[in-house]
Amino acid sequence: MNNRLKVMRAERDWSQAQLAEQLGVSRQTVNALETGRYDPSLPLAFKIARVFGQPIESIFSDDNA
Amino acid sequence: MRKWRPVIKAIATTFGGGLVFALVGGIAMGYAARAGWIGSEMGEMIFTAVFAATIMAGSLWVGAEWMRVIDEAAREAHKAAWYWGGTAGMCVSGVGLILSSAGPWREVIAREIGSGGSPIDYMSAGAALMIAPMLIGYTVVWAWWWLARMRG
Numbered sequence: 001m002n003n004r005l006k007v008m009r010a011e012r013d014w015s016q017a018q019l020a021e022q023l024g025v026s027r028q029t030v031n032a033l034e035t036g037r038y039d040p041s042l043p044l045a046f047k048i049a050r051v052f053g054q055p056i057e058s059i060f061s062d063d064n065a
Numbered sequence: 001m002r003k004w005r006p007v008i009k010a011i012a013t014t015f016g017g018g019l020v021f022a023l024v025g026g027i028a029m030g031y032a033a034r035a036g037w038i039g040s041e042m043g044e045m046i047f048t049a050v051f052a053a054t055i056m057a058g059s060l061w062v063g064a065e066w067m068r069v070i071d072e073a074a075r076e077a078h079k080a081a082w083y084w085g086g087t088a089g090m091c092v093s094g095v096g097l098i099l100s101s102a103g104p105w106r107e108v109i110a111r112e113i114g115s116g117g118s119p120i121d122y123m124s125a126g127a128a129l130m131i132a133p134m135l136i137g138y139t140v141v142w143a144w145w146w147l148a149r150m151r152g
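Protein chains in written order, with the numbering used here: chain B, 1 to 65; chain D, 1 to 152.
What the hints contain is simulated information worked out from the structure, not anything from laboratory work.
Just so you know, not all the hints are guaranteed correct.
Stated by the list, open to error - A few chain D residues facing chain B, derived, Cβ under 8 Å:
hint	residue
1	W84
2	E112
3	R151
Stated by the list, open to error - BS3-like mimics (lysine-lysine), calculated; alpha carbons at most 27 Å apart, straight line:
hint	chain 1	residue 1	chain 2	residue 2
4	D	K79	B	K47
5	D	K3	B	K47
6	B	K47	B	K6
7	D	K79	D	K3
8	D	K9	D	K79
All C-beta atoms in this analysis are idealised placements derived from N, C-alpha and C, irrespective of residue type, glycine included.
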């Protein structure tokens with residue numbers, strides 16, 4: 001799965017630690033999400049969407065789609 | 001820091017309670033043995049078994065609170081470490097189990113590792129050899145899981 005987390009975080013000038021705090025996860029988890037090496041659960045994906053104020057499908061996209 | 005309170009509470013209760021139990025239980029068992037209610041060796045064994053079981057149960061509680069506090073990626077790392085690391089560790093122990101169970105090579109192994117131990121030594125060594133590879137496998141897979149996801 002691909003995501004635009006890194007770009008969207010940079011647009012808001014947030015650090016990984018700041019985003020991690022808002023999501024209630026560790027900075028390492030944010031890093032793993034951004035590099036695409038960890039796919040979030042559905043609840044975390046919804047939380048990410050809420051934090052960025054965007055629909056999930058504008059943040060995450062399927063490799064096979 | 002507040003989110004770690006349940007973990008700290010579980011650790012303090014387990015090990016604090018363990019220390020209190022060790023003190024009170026030790027005195028009670030000593031008294032019971034001196035009064036002749038139970039043999040001193042039997043008393044020590046019962047006391048140690050209950051103490052060990054209590055500490056292990058408390059450790060499980062600490063682990064449960066820990067798993068509730070950490071985030072989902074950290075939980076995934078532990079799940080992967082438990083399954084792959086633990087299973088790989090069991091496979092290593094499995095080779096030892098098969099080799100030591102039957103076959104003419106048992107004599108060769110026995111000569112190599114020496115003899116003279118008592119059955120209880122073998123029980124202790126067997127338990128340690130079952131745990132150690134699983135623990136090593138767990139640690140290796142846990143570290144690998146995170147390292148694989150830390151690369152940019």
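Hints, verified against the model:
1. W84: Given a least distance of 16 Å, the restraint on D/W84 is violated.
2. E112: violated (44 Å)
3. R151: holds (7 Å)
4. D/K79 to B/K47: holds (23 Å)
5. D/K3 to B/K47: holds (19 Å)
6. B/K47 to B/K6: holds (16 Å)
7. D/K79 to D/K3: Within the cut-off at roughly 21 Å; holds.
8. D/K9 to D/K79: It holds: about 24 Å lies between the C-alpha atoms, which stays within 27 Å.
Comparing the model with each numbered hint stated earlier shows that hints 1 and 2 do not hold.
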